[in-house]
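Participant: Spelled out from the first residue to the last, the chains are:
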Amino acid sequence: MTNELIEFVLVSIALLGIGIYGLSVKRNAIRMLFAIEIIVNAANLNLIAFARFMPEAHSGGQTFALFSIAIAAAEVAVGLSLIIVAYRLYKNIDIADFRSLKG
Amino acid sequence: MADALFLALSVLTIGAAIAALELRSLIYGSIALMGTLGGIAGFFILLDSPFVAMFQIAVYVGSIAVLILFTVMLVKRELIFKKIEDPKRKLAGIGLMLITMVALGAIILDSGVKTITTDSEAVDFRDIGVDFLTYYWPALIAMALILAGSVIGALVLARREDTIEDDQRTD
Chain A
1 MTNELIEFVL
11 VSIALLGIGI
21 YGLSVKRNAI
31 RMLFAIEIIV
41 NAANLNLIAF
51 ARFMPEAHSG
61 GQTFALFSIA
71 IAAAEVAVGL
81 SLIIVAYRLY
91 KNIDIADFRS
101 LKG
Chain B
1 MADALFLALS
11 VLTIGAAIAA
21 LELRSLIYGS
31 IALMGTLGGI
41 AGFFILLDSP
51 FVAMFQIAVY
61 VGSIAVLILF
71 TVMLVKRELI
81 FKKIEDPKRK
91 LAGIGLMLIT
101 MVALGAIILD
111 SGVKTITTDS
121 EAVDFRDIGV
131 DFLTYYWPAL
141 IAMALILAGS
151 VIGALVLARR
161 EDTIEDDQRT
171 D
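Quick mapping for you: the protein sequence lines, in order, are chains A and B. Going left to right, the first sequence walks through residues 1 to 103 as the numbering used here numbers them. Going left to right, the second sequence walks through residues 1 to 171 as the numbering used here numbers them.
There could be a bad hint or two in this list.
Claimed, not checked - Listed next, with one range per pair, are the computed distances between beta-carbon atoms:
#1 Val-78/A <-> Ala-139/B: 18 to 26 angstroms
#2 Lys-114/B <-> Asp-97/A: 27 to 35 angstroms
#3 Val-130/B <-> Ala-96/A: 46 to 54 angstroms
#4 Ser-100/A <-> Gly-153/B: 15 to 23 angstroms
No lab work stands behind these hints: they were computed from the structure. Where is the CB? At the ideal position from N, CA and C, for every residue including glycine.
All chains, please: the whole structure from these sequences, using the hints.
Facilitator: Dropping the structure here:
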């Protein structure tokens with residue numbers, strides 16, 4: 001390995017920071033989904049990086065990353081259909097407008 | 001030290017992530033998101049996990065990004081190009097991002113992660129298949145059921161009710 005573990009972890013931290021920025025600033029529901037995807041990918045990168053740098057070769061990290069990717073796919077499908085339903089009801093994708101549960 | 005390929009991949013991944021959130025058009029934003037996901041797949045290849053990299057490309061770049069693109073195209077034209085955010089919140093968000101990055105980075109740089117290196121062999125991807133079908137088989141079945149359930153749930157949620165359709169027809 002020419003690269004070190006710390007470099008992958010730093011990239012992952014940068015992606016996490018960008019994702020947190022997107023989640024806290026954006027009010028567009030689709031952009032928030034982008035931010036969530038970026039955070040999930042940062043977590044997957046961490047899983048694979050730490051698994052590669054185990055003292056002995058072990059396939060557990062890669063297996064867990066595969067599970068994580070599959071669950072993220074399910075989450076995106078449900079999230080996008082929720083956005084479609086909300087768009088149909090409110091004719092907008094601004095989450096500040098989705099307030100019928102707010103009372 | 002990081003090599004040139006790693007640096008190029010990091011610039012691609014982080015730059016595309018920023019572009020995905022900041023580009024005015026949601027369509028270009030989702031294409032930039034594809035760049036981020038592809039960059040992560042490149043990191044997986046650098047980490048000797050070609051199977052996960054292929055899975056990432058097939059699932060994320062191939063299906064999720066295309067699904068997002070289709071959803072974006074269902075949205076009204078003026079909403080795609082409108083940026084919805086307040087400037088005050090933006091400053092607070094940038095502050096939060098910097099605090100997160102600096103704090104976590106300082107903790108990680110101060111910890112023992114810096115000294116970890118490895119000489120171990122890369123995992124053979126055949127071992128992953130064996131793991132899936134022996135030790136992790138209940139989890140695999142649960143995952144399959146979750147995927148089926150979520151797809152059916154998504155279809156039920158996004159289904160057009162007849163009444164709504166009638167309303168729109170009269171519109």
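Participant: Per the hint of 18 to 26 angstroms, is the separation of the Cβ atoms of Val-78/A and Ala-139/B within bounds?
Facilitator: Since the Cβ atoms of Val-78/A and Ala-139/B sit about 20 angstroms apart, the hinted range of 18 to 26 angstroms holds.
Participant: For the pair Lys-114/B and Asp-97/A, does the Cβ-Cβ distance stay inside 27 to 35 angstroms?
Facilitator: 47 angstroms, violated
Participant: If you check the beta carbons of Val-130/B and Ala-96/A, does the distance land in 46 to 54 angstroms?
Facilitator: Since the Cβ atoms of Val-130/B and Ala-96/A sit about 50 angstroms apart, the hinted range of 46 to 54 angstroms holds.
Participant: Just tell me: holds or violated, for the beta carbon distance of Ser-100/A and Gly-153/B against 15 to 23 angstroms?
Facilitator: Given a distance of about 20 angstroms, which is inside 15 to 23 angstroms, the answer is holds.
Violated hints amount to a single one, hint 2; each of the other numbered hints is respected by the structure.
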